[in-house]
Amino acid sequence: MNLSGDAAVWSMIGVIVLLATAGDVLLAGAIRQIGDFDVIRSHSGLKGAILAVLCNVRFFSGVACMALSFFSLLFALSWAEVSLVAPASAALTFVTNAFAAKWILKENVDGRRWIAAVCVCAGVFFLSR
Amino acid sequence: MTFRRYLVLGAVMIGASVGDTFLSKGMRQVGPVSLHHLLSLVIALKNPWVLSGIVFLIVFFASYLTALSWADLTFVLPATGFGYVIIELLSKFWLHETISPARWFGIVLITVGVGFVTHGPSYTNHDHPGAESEAVTTSDAEELTAAGREDRSA
Chain H
1 MNLSGDAAVW SMIGVIVLLA TAGDVLLAGA IRQIGDFDVI RSHSGLKGAI
51 LAVLCNVRFF SGVACMALSF FSLLFALSWA EVSLVAPASA ALTFVTNAFA
101 AKWILKENVD GRRWIAAVCV CAGVFFLSR
Chain F
1 MTFRRYLVLG AVMIGASVGD TFLSKGMRQV GPVSLHHLLS LVIALKNPWV
51 LSGIVFLIVF FASYLTALSW ADLTFVLPAT GFGYVIIELL SKFWLHETIS
101 PARWFGIVLI TVGVGFVTHG PSYTNHDHPG AESEAVTTSD AEELTAAGRE
151 DRSA
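Chains H and F, in that order, give the protein sequences. Numbered per the working numbering, the first sequence spans residues 1 to 129. Numbered per the working numbering, the second sequence spans residues 1 to 154.
Hints in this document: simulated from the structure, not taken from any laboratory. Note that the structure is a prediction, hence the values are computed from the model and not measured. Do not rely on the hints blindly, as some may be mistaken.
As the list claims (entries may be wrong) - Examples of chain H residues lying across from chain F (beta carbon under 7 angstroms, computed):
no.	residue
1	Ile-31
2	Asp-36
3	Ala-101
4	Val-109
5	Leu-127
The beta-carbon is built from N, C-alpha and C at its ideal position, and this holds for glycine as well.
Given these sequences and hints, build the entire structure.
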């Protein structure tokens, strides 16, 4: 594959990672807005918990981003090998999610969580070898 | 972390990994799908392995949302990364694929990462930016919630 081909594949991987991260952050933000499902279920039952999720706009934005990420993955797979695209996008998503969770969701991403994200990211890389 | 919450994390891992493996087995039976005949993907839905895979992926999504309701994203994602290990083990012992030494090393790294994150707090509260040092654990948050309920009832 020539340089422009490589650049195109990595651009597509970048799009997948961005959309997957946006989807994860929007879903996590939506669920945090809704609250603990166990508490909701104890007050208004399973129907109440499902309704709380289905009435949240941020949840559907998250699902839309996840769906777009999935279709971007399918598109990328028509251009490049699955052994590159799938692990590369999964591993990079771990890292971008850690940054997004720290800066957007204001999570406490301490040393332990950074080490875990890096270990899992490296592990996914080696699984693709 | 209660035992029930570990079960939810387990459902996330098993739902994703078994779902993906079932989809993979089903799509092998269906055969390659051409970009010019994308409608044949609909026919793939008739395959029992593909259908079972979708059911497991629905279980994964429901468990994933449940886990996010009481844990941080940076806790849930690495903790459920063990699903990749389950996929590798299913590939080896069920689909009879070969696992190279590099892959075994990857499995070890993921297991170490999961061990790291699950020994820490699952949830941290941040009412204002820069409150990392005031982060509280799930058990602290539960106590605060219980205290709040008592205050309201009084």
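Each hint, compared with the structure:
1. Ile-31: Result: holds, 4 angstroms to nearest chain F Cβ.
2. Asp-36: holds (5 angstroms)
3. Ala-101: holds (5 angstroms)
4. Val-109: For Val-109 of chain H, the interface hint holds, since the closest Cβ of chain F sits about 5 angstroms away, which is under 7 angstroms.
5. Leu-127: Interface hint status for Leu-127 of chain H: holds (4 angstroms vs cutoff 7 angstroms).
The structure fails none of the hints (numbered hints given earlier).
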